[in-house]
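Protein sequence lines correspond, in order, to chains A and B.
Residues in the first sequence are numbered from 1 upward in steps of one, following the numbering used here.
Residues in the second sequence are numbered from 1 upward in steps of one, following the numbering used here.
Be aware that a few hints might be false.
[What the hints assert, rightly or not] BS3-like, lysine-lysine: derived pairs with alpha carbons at most 30 Å apart:
(1) A:100 to B:7
(2) A:108 to A:26
(3) A:69 to A:56
(4) A:105 to A:26
(5) B:7 to A:69
(6) A:105 to A:56
(7) A:69 to A:26
(8) A:26 to A:70
(9) A:100 to A:70
(10) A:108 to A:56
(11) A:105 to B:7
(12) A:56 to B:65
(13) A:70 to A:105
(14) A:105 to A:69
(15) B:65 to A:69
[Said to hold, decoys possible] Only part of the chain A face toward chain B is listed, based on derived beta-carbon distances under 10 Å:
(16) 33
(17) 42
(18) 43
(19) 45
(20) 66
(21) 88
(22) 102
(23) 103
(24) 104
(25) 105
Rather than coming from a laboratory, the hints here were simulated on the basis of the structure.
The C-beta atom is built at its ideal place from N, Cα and C for all residues, glycine as well.
Chain by chain, the residues run as shown.
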Amino acid sequence: SQQGEEDPQALSIQEGENATMNCSYKTSINNLQWYRQNSGRGLVHLILIRSNEREKHSGRLRVTLDTSKKSSSLLITASRAADTASYFCATAPSQGGSEKLVFGKGTKLTVNP
Amino acid sequence: SAVISQKPSRDICQRGTSLTIQCQVDSQVTMMFWYRQQPGQSLTLIATANQGSEATYESGFVIDKFPISRPNLTFSTLTVSNMSPEDSSIYLCSVGIAGPTDTQYFGPGTRLTVL
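Next comes chain B alone, as it looks inside the complex (with noise of 0.2 Å):
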């Protein structure tokens, strides 16, 4: 299993600015995913996130808007940028520990409203 933190837990920020969101987990991991859901909705997958290499994004998700980081086996940041009130969600990291489609392990998420 992974414990997973997320930090902010939640944030209200303003049109048109940026939040970066951190993930930290308590082992090392290759896989880590981001995932949004959006209010009243189910979980639709960003970007997977694998050390040393580049984020590879899901349709209708680009690096721009979204620019992930994974500098070592423990942590990954997600940037929402240029923020607008679409962008209101939770924001989950994920860890799969024995693969990306067996049991994912998934953080507390980072509650997100845009004004």
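Chain A on its own, in the form it takes in the complex (with noise of 0.2 Å):
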């Protein structure tokens, strides 16, 4: 079962601004981890942040987690077409004996030139 689930599903936003998606989740993580999928082809990780983590950045990328709400937000800064994309976030459950991540429904990106 699907336990991330990314809002909004579907944003839309001008090249230079700024996005922002969100992540919930049900159970407790060892970590979760943001993806990026350009039209349908193969995912490319962006970053993982730790269940003992707040903040992390990469680049124009800035992710944060509240283990207390369940939740997490994936800022991308000054936006580009080229950022045009499907985001996932992926939780990696710490209890169960599950050992595989699971994966959100995604929120669709579109920048426009």
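Each chain sits in its own coordinate frame; assemble them with the hints.
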């Protein structure tokens, strides 16, 4: 079953604006990851944040994690047309012996030039 | 990191036929995963394929429908058997380098359309 739920489902912004996507999950996690998918192709790993971390940065990406609210956000600053893609969060559950990533439904981001 | 290739990149198949998808990795890896992504949906794990053992299938997926081979540490195949239009999806393989719940590296996917 899917654990991560992203919102919004779709987001359209102008180039140069910031884009914020959110992910909520239901069970305890070891880590949470964000992936990008361009036009139905393979997924590209963006960033991993562990359950004991609250914030991570990578270039124009900023990820936050609030384990008390079971939520994460991905911020893309100064967006570019090339950022147009679908973004998925994936959680690694920490309980029940599960060793598998569980992907959310994704946010489709469109950056208009 | 790992570089993964898949063949074919896309195919259009007739109902009732089978298609075998190949996944090749540029380094030896223990864990390989096969996912299905139905149109407009997220990824659903089909099975985990570890070399030297039978594949482990997720709920809702069975070996007769999705037989998997893992002959060595750099290669795996997924067969979609007796296809129906509901099998139209993107099929992706991925590998876990540090562990199944750490970063996974994905192939480019195989876009399958069943008529």
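Against the structure, the hints come out as follows:
Our distance criterion of 30 Å between C-alpha atoms is met by residue 100 of chain A and residue 7 of chain B, whose separation comes to about 25 Å. For the proposed pair residue 108 of chain A and residue 26 of chain A, the alpha carbon gap of about 22 Å is at most 30 Å, so the pair holds. The hinted pair formed by residue 69 of chain A and residue 56 of chain A meets the criterion: a straight-line CA distance of about 17 Å does not exceed 30 Å. The suggested pairing of residue 105 of chain A with residue 26 of chain A holds, with an alpha-carbon distance near 14 Å, which does not exceed 30 Å.
With a CA separation close to 42 Å, the supplied pair residue 7 of chain B and residue 69 of chain A exceeds the 30 Å bound. The straight-line distance between the Cα atoms of residue 105 of chain A and residue 56 of chain A is roughly 22 Å, inside the 30 Å bound, and the hint therefore holds. A hinted pair counts as satisfied when its Cα atoms are at most 30 Å apart, and residue 69 of chain A with residue 26 of chain A qualifies at roughly 9 Å. Restraint check for residue 26 of chain A and residue 70 of chain A: satisfied, since their Cα atoms lie roughly 7 Å apart, inside the 30 Å limit.
In summary, the hint linking residue 100 of chain A to residue 70 of chain A is supported, as the alpha carbons are separated by about 18 Å, within the 30 Å threshold. Restraint check: the Cα-Cα separation between residue 108 of chain A and residue 56 of chain A comes to about 22 Å, which is no more than 30 Å; the hinted pair holds. Among the hinted pairs, residue 105 of chain A with residue 7 of chain B is consistent with the structure: their alpha-carbon atoms are about 26 Å apart, no more than 30 Å. Restraint check for residue 56 of chain A and residue 65 of chain B: the C-alpha separation of about 41 Å exceeds 30 Å, so the hint is violated.
The suggested pairing of residue 70 of chain A with residue 105 of chain A holds, with an alpha-carbon distance near 16 Å, which does not exceed 30 Å. As the CA atoms of residue 105 of chain A and residue 69 of chain A are separated by approximately 19 Å, the hinted pair is consistent with the 30 Å bound. Restraint check for residue 65 of chain B and residue 69 of chain A: the C-alpha separation of about 39 Å exceeds 30 Å, so the hint is violated. At a threshold of 10 Å, the smallest CB-CB gap from residue 33 of chain A to chain B is about 7 Å, leaving the interface hint in force.
This hint holds: residue 42 of chain A has a C-beta 4 Å from the nearest C-beta of chain B, less than the 10 Å allowed. At its closest, the beta carbon of residue 43 of chain A sits 4 Å from a beta carbon of chain B; the interface hint therefore holds under the 10 Å criterion. The beta carbon of residue 45 of chain A is positioned within 10 Å of a beta carbon in chain B (closest approach about 5 Å), and the interface hint is therefore held. The beta carbon of residue 66 of chain A is not positioned within 10 Å of any beta carbon in chain B (closest approach about 20 Å), and the interface hint is therefore violated.
At about 6 Å, the closest approach between the beta carbon of residue 88 of chain A and any beta carbon in chain B falls short of 10 Å, and the interface hint on this residue holds. This hint holds: residue 102 of chain A has a C-beta 8 Å from the nearest C-beta of chain B, less than the 10 Å allowed. Because the closest C-beta pair between residue 103 of chain A and chain B is about 4 Å apart, less than 10 Å, the hint holds. A cut of 10 Å between beta carbons decides the hint on residue 104 of chain A: the least distance to chain B is about 6 Å, and the hint holds.
Because the closest C-beta pair between residue 105 of chain A and chain B is about 5 Å apart, less than 10 Å, the hint holds.
Taken one by one, the earlier hints fail for this structure at numbers 5, 12, 15 and 20, listed in ascending order.
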